[in-house]
Amino acid sequence: MKFEIRITGLGGQGAITAGHVFGSAAALLEGKEVVVTEGYSPYVTGGWSRADVVVSDEPIDYPLVSRLDALVTMYQEGLDLNMKMVKPTGVVVAEQRLVDLSKVVGDKRVFPIPAADAADKLGKKVLMNIVMLGSAVALAAPRSLEPLKKAVMERFPKAAELNVRALDTGADLARAAKGRSIESLV
Amino acid sequence: MISPQVPHGGPEVRVPHHINDPVIRSERLPNIWCPGCGIGIVVGAYVRALQKSAIPRERQISISGIGCTGRVSGYLNLDSYHTTHGRAIAFATGMAVARPELEITVIAGDGDLGVIGGNHLIHAARRNVDINVIMVNNFNYGMTGGQHGGTTPLGARTHTSPYGNVETPFNIPYLVAAAGASFVSRWTAMHVRQLTAAFSRMMEVKGFAFMEVLSPCPPTFGEFNGFPEALDMMKYFRDKAVVDHNADLSKIAVTARPDDSVVVGNFVDRKRPSYQELLGDLRARVQAQGVAKK
Amino acid sequence: MSSADAGGLKPGDHFMMGNFACVEGAILAGCRFYAGYPITPSSEIFERASVRFPQVGGNAIEMEDEVGSMAALVGASFGGAKVMTATSGPGFSLMMENIGLAYITEAPVVLVNVQRAGPSTGIPTLVGQGDMMQAKWGSHGDLETIAYSPSSVQEFFEFTIQAFNAAERFRTPVFVMADQIVAMMWERLRVPPAEEIEVTQRLVMEPAADQDRERVVFDYAKDFIPMPIAGRGSRVNVDSLTHDSRGYPTTDHGWSEKMTRHLAGKVRGHAREIWRWEEKFLEDAEVAVVSYGSAARSALAAVKYARAKGVKAGLLRLQTPWPFPDEVVEKVSRKVSGLVVAEINAGQMIHPVRENSRCPVVGVPWAPGTLIEPRAIVDAMQAVVAS
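Chains A, B and C, in that order, are what the protein sequence lines are.
So in the working numbering, spot 12 of the first sequence is number 12, and the numbers just go up one at a time.
So in the working numbering, spot 165 of the second sequence is number 1165, and the numbers just go up one at a time.
So in the working numbering, spot 291 of the third sequence is number 2291, and the numbers just go up one at a time.
One or more of the hints may lead you astray.
As the list claims (entries may be wrong) - A few chain C residues that face chain B, going by a derived Cβ cut-off under 10 Å, partial list only: (1) P2054; (2) S2069; (3) L2101; (4) Q2134; (5) F2224; (6) I2225; (7) P2226; (8) I2229; (9) A2367.
Stated by the list, open to error - DSS-like mimics (lysine-lysine), calculated; alpha carbons at most 27 Å apart, straight line: (10) C:K2222 - C:K2280; (11) A:K84 - C:K2280; (12) A:K158 - C:K2266; (13) C:K2010 - A:K150.
These are computed hints drawn from the structure, not numbers from a lab.
The C-beta atom is built at its ideal place from N, Cα and C for all residues, glycine as well.
Using the sequences and the hints given, assemble the complete structure.
This is the structure we're talking about:
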């Protein structure tokens, strides 16, 4: 089994951090083969960034993603540029306030997630990426959140509890999103 | 096999014993320098300072770049390093950080230290690396046959400035003092006692200790620039040098014109923490926090 | 040989970026001195060294440029330290001068080159493998190079340790020719227990009697000569000029021949001990891909794909591109009808591959700043099989 996910956002949103958390959980706690690669725009601040994660039961030869099982995006171009890489069976997790979904109405792969609002409610805007990660895992690779929770606790020891709540919030939002249509949002 | 050769057709001179033998690789003599060159005088003064120094001889290190003065290290019976052109100070910085207990002296020429290596010079002075740097300034690139460089006086004639040099030279002590060195001085090859005393002081100074030594280069500089005989520039230093330890460094550029004076002295001697001290403090601070094992 | 140094990463599994794994390998190998200048995509190595080296009693210093960095490394190496730097193409060019100094003075130095795309400033953030020939021929005057090429985070860690061991054993600059993909990727790193990590210590010259001025300090009849370390009373002249067995500069033809033969010979004579390579599916292969670094991962994917399509394909992965494993390549070339060289450049290692092969050799020129795609390698293999 091979699973490919791209997490993309603008500088400061934590797309790459989310990729590392997901990757380290799979590699160290689930015993999977994992490669995380990164990409950035040349701007030091504010440009796009992305983490690509390949998870597999077998050793990974070609380390880059080619056909996405999941796309997580927290900015408009992340959707526009990457939709073509998403498998027909794949899942697109889009932050619904930051991404205009009017062009993908009817596309059953797309799930809008109000992660920015959820992060605000949790009291820290920077938790948006972890909320998105919780949603993505719940939608695209349903499994126990326990390894991910351990990974965020290790990565953010000073804000461990908040990050765990962010993951749970993301998973809850994913379940809610399954019952909603994009039409209701646009 | 290497056969000892006597340059310039002079007689082979063998001295059975000399007081500097422990510090000079006398088996390598005669040296490569021209008659009338000032480098040997600088080496003599440095060797006397070494003999007087309380620092154990095995901790004294000599590092040179490339050029006439670059050959100095090879004649000293120390751990000696003949490195690449311009890079002696960078080489010394690495060794000085790795081994702060060593007393490292860089001896090299003006083109080497001040031009191709000029960036290393100012940054080592800025960091205040605890090394000694002796720049023998003979106003030109001597070993390559006499070309102009960053210390060649305006108007001076060399093989690459045959119509007169159009570049303004660096005022070296002013530059190095501005960059932050703990100790900055200038003497000439005529000031033998002052050289020795200043070298001794440089070995005591914590931080970047720098000296510019003005030196005659009869065949490739003096001859074309108003000092036709080998001794003429030495006479010029004798007659025109003005000792002023408190000189305004912005006004001590050297013209090397027979009528202009040359200001010499120990201009700067100040306490600033050295690079090695600050790095040592940093390591101690970090290690006191304990090594966080990830 | 001794085992790895204290203060290193604890044994077990870690999830880590290639550039970080490189630093941790260096620390376990005993490196305590880093001099560098920031450059993408190698800067994480400098940054992590700046955090980690003071913790283990070492120094990571920033020089004014890469010329000074390499000079400082040679100086620190003669100070007795195990030393390293990391850079990318533009910095590699500037380091060439004092790589030559390290070579002629026989100073152990480890240089990690995280290769990026293009000539000159090129594309700093994207991948390339365009410095492979520069590693061999970049510094003037006939250098014999040792270079490792990692394909994974694990190998970046292991090859850094091996690079230190080779540098210390051969007393010569050793390169880890990584690339942006391997350097920036995160993978699982498995750190073995310290006692299982073999670490080579350098042979150090014992101080000689003061009066013995004519002593042979560099015995060129031997491959491995003890190194004079500053401050121990060795009183040896270390010279960038061609030098005789006393360390003194010479223009003598005989000494020039002896010294240069010694410098190259100590590497060439032990090349088989340095070579590392990996063979995959070569037993029955009709066509084989020769590759290295991150490109080799594409090559392996391509080989597996071709096999699934019925082409008997194999892979020879060069883990040490230099000294070039000529016998290994020749042996493989005798078994197959053609070789495909897959690398992220316009064709560099294809030249020594072709020089040492007994079959046709084709390249897959690739320079868009991306990892070479398996598709391009498959096409080349199919063309070889068809012809």
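Do the hints match the structure? See the list:
no. : hint              : verdict
1   : P2054             : 4 Å, holds
2   : S2069             : 8 Å, holds
3   : L2101             : 5 Å, holds
4   : Q2134             : 18 Å, violated
5   : F2224             : 21 Å, violated
6   : I2225             : 16 Å, violated
7   : P2226             : 14 Å, violated
8   : I2229             : 8 Å, holds
9   : A2367             : 33 Å, violated
10  : C:K2222 - C:K2280 : 38 Å, violated
11  : A:K84 - C:K2280   : 34 Å, violated
12  : A:K158 - C:K2266  : 54 Å, violated
13  : C:K2010 - A:K150  : 19 Å, holds
Consistency note: the structure conflicts with the earlier hints numbered 4, 5, 6, 7, 9, 10, 11, 12.
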